[in-house]
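Q: Residue strings, one per chain:
There are 2 protein chains.
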Amino acid sequence: MKLLITGGAGFVGARLARTLLQRGTLDGRAITRIVLADQAAAPADLLADARVETRVGPLLAHCEALRDEAVDGVFHLASAVSGECEADFDLGLRSNLDSTRALLDALRHRVNGGATPAKLVFSSSVAVFGPDDAVPMPPIVTDTTLPAPQTSYGIQKLICEHLVADYTRKGYIDGRSARLMTVTVRPGRPNGAASSFFSGIIREPLAGVESVCPVSPEVSHPVSSPQRTVEGLIAVFEASRAAYGGRLALNLPALNITVAQMLAALEEVAGPAVRERVRFERDERIAGIVANWPTGARADRAAALGLKPEANFADIIRQYIADCATTPEALKGLG
Amino acid sequence: MKLLITGGAGFVGARLARTLLQRGTLDGRAITRIVLADQAAAPADLLADARVETRVGPLLAHCEALRDEAVDGVFHLASAVSGECEADFDLGLRSNLDSTRALLDALRHRVNGGATPAKLVFSSSVAVFGPDDAVPMPPIVTDTTLPAPQTSYGIQKLICEHLVADYTRKGYIDGRSARLMTVTVRPGRPNGAASSFFSGIIREPLAGVESVCPVSPEVSHPVSSPQRTVEGLIAVFEASRAAYGGRLALNLPALNITVAQMLAALEEVAGPAVRERVRFERDERIAGIVANWPTGARADRAAALGLKPEANFADIIRQYIADCATTPEALKGLG
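Listed in order, the protein sequences are those of chains G and P.
If you're matching positions, the first sequence starts at 0 in numbering that gives the first Met the number 0 and goes up one per residue.
If you're matching positions, the second sequence starts at 0 in numbering that gives the first Met the number 0 and goes up one per residue.
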């Protein structure tokens, strides 16, 4: 089978590609080709695999060609992140909304020509949740919590969830939307996401660098390891429609944890000297954004698919340390 | 002040325009101009008012010019109806989604140029609600019920609600979304909406014509009179942001009523001979669509704005009969 991973050179996308290549199969079929579409070039280890093909450039530019290409499955991860979307409103609409619609229309075009609908997993985000004056947000958000996005990024993710639902209802795709929790520990440099510090306060100290935590230690947040996230995306892809249940998005599993607990785990894994490289310096802008995020999430539908969060944050840190030893992009974080 | 009503030649739009012209003011300001944008020409009585200007053609074609036009307030009612959107997927996306975005972008363009954000009321719909395998729909939907649209029309309305919310958050508009209940009694001919019979079973018998009800008499549904709907749109426009509450859409008031109760009211108002012109002949397609609709709605936020549904359906029928005597388009239903 031929798969397309948009955002396939990114952190989650590349890990997903590696995991799929290692498995060799998806949905019980041999994976013969993985197309990685991304603005950036794919990591060298992926390019070295004969099954991998890359397409570099904006997703929007690739969609026209996709109208005439047989693709069996899509993991649609490409996205401008929250900070970028706040800074550049048009960029967010183009990268997240127009690109998704062009992708869905390319898949629809093939179905209108007689093809079997492609399976598609859309990576949505816990950022669809937030408080609204008329609708207080529960501290723990569930699959059935009313979304009230507080950012353009969250709005665009929610809109795309509903496009995926409608293209699925019409039979143009077999689509599913999975809401990613904050994935940590991310390698590399801080990105434009307000959640970037959730990785920074672990990654930087481990690399011998000081890190500033812009929120108080009591802040609680739903996180997930990269590997559990990737496993979640694959399980959602492989689920039958009945097991997925309906057309609305589901939450991926979350470890609900405070910053203080994250740092205690860091000390447990790497010692007090490493933990002491984190200092607290409140950033009102970031603290204000984070105050509107849920303190935790529950993922009942994902649990019914057999998906679980990491048991504890120390395991997430150990996963990151192991990654640094084996994957090239993780090492950048230790520079 | 200068107002734009998209869909301004339609049934609700024209009634809204008439009501506004009669009031003469909105938000405490004199109405100096009402622009009616619509695919169809506006009714003659509106054209005769010196304050009225019409623009005929697809909304999308008007939006470019709107970028350079000062408009103080917008009632955005233009929409392809549910049946059309199901039959022609691209039409729905273009008429409901692309047009709304182009309208919002035109308003944003002016704000970026220094203008005060225009107030905008978006007419969403009770069609955003529906059952999903993972989320059973409550029989009575409220302002905080999780939307799960069952049609492309409902999906597009929901998406536009969230665009309006985000453009508002960014300060590009002062936007509010109000979910219209099924407006009845509509004059004229049946339209492409699956809900068309909710008007037909009253309108046709009153005009001496037989009418077929495609669902069983027990079917319950949230309806509203045209006048209450128009009053709701105006109240939502005039509400302060604090009174509106948050950025999510609110439900307009509904009279929750069964088909049997509607027909009993018809008999009460017009006599048994008129009521007997309705016969029941189940249409599986329509009955299937209607089975996915809520049986009623509650409108707590609208109630807090002082809005109420009609007290009973007989009053709605009397309103229709009075309309037939005074407004030219209503008379078409009696042809």
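Keep in mind that a hint or two might mislead.
The list makes no distinction among identical chains, and a pair is therefore deemed to hold if it is satisfied within one copy or across any two copies.
EDC-like, lysine to aspartate or glutamate: derived pairs with alpha carbons at most 20 Å apart [what the hints assert, rightly or not]:
1. 307 - 266
2. 169 - 83
3. 307 - 104
4. 169 - 266
5. 169 - 131
6. 1 - 209
Hints in this document: simulated from the structure, not taken from any laboratory.
Q: Any of the earlier hints contradicted here, and which numbers?
A: Numbers 1, 3, 4 and 6 - these are the hints that the structure violates, sorted from lowest upward.
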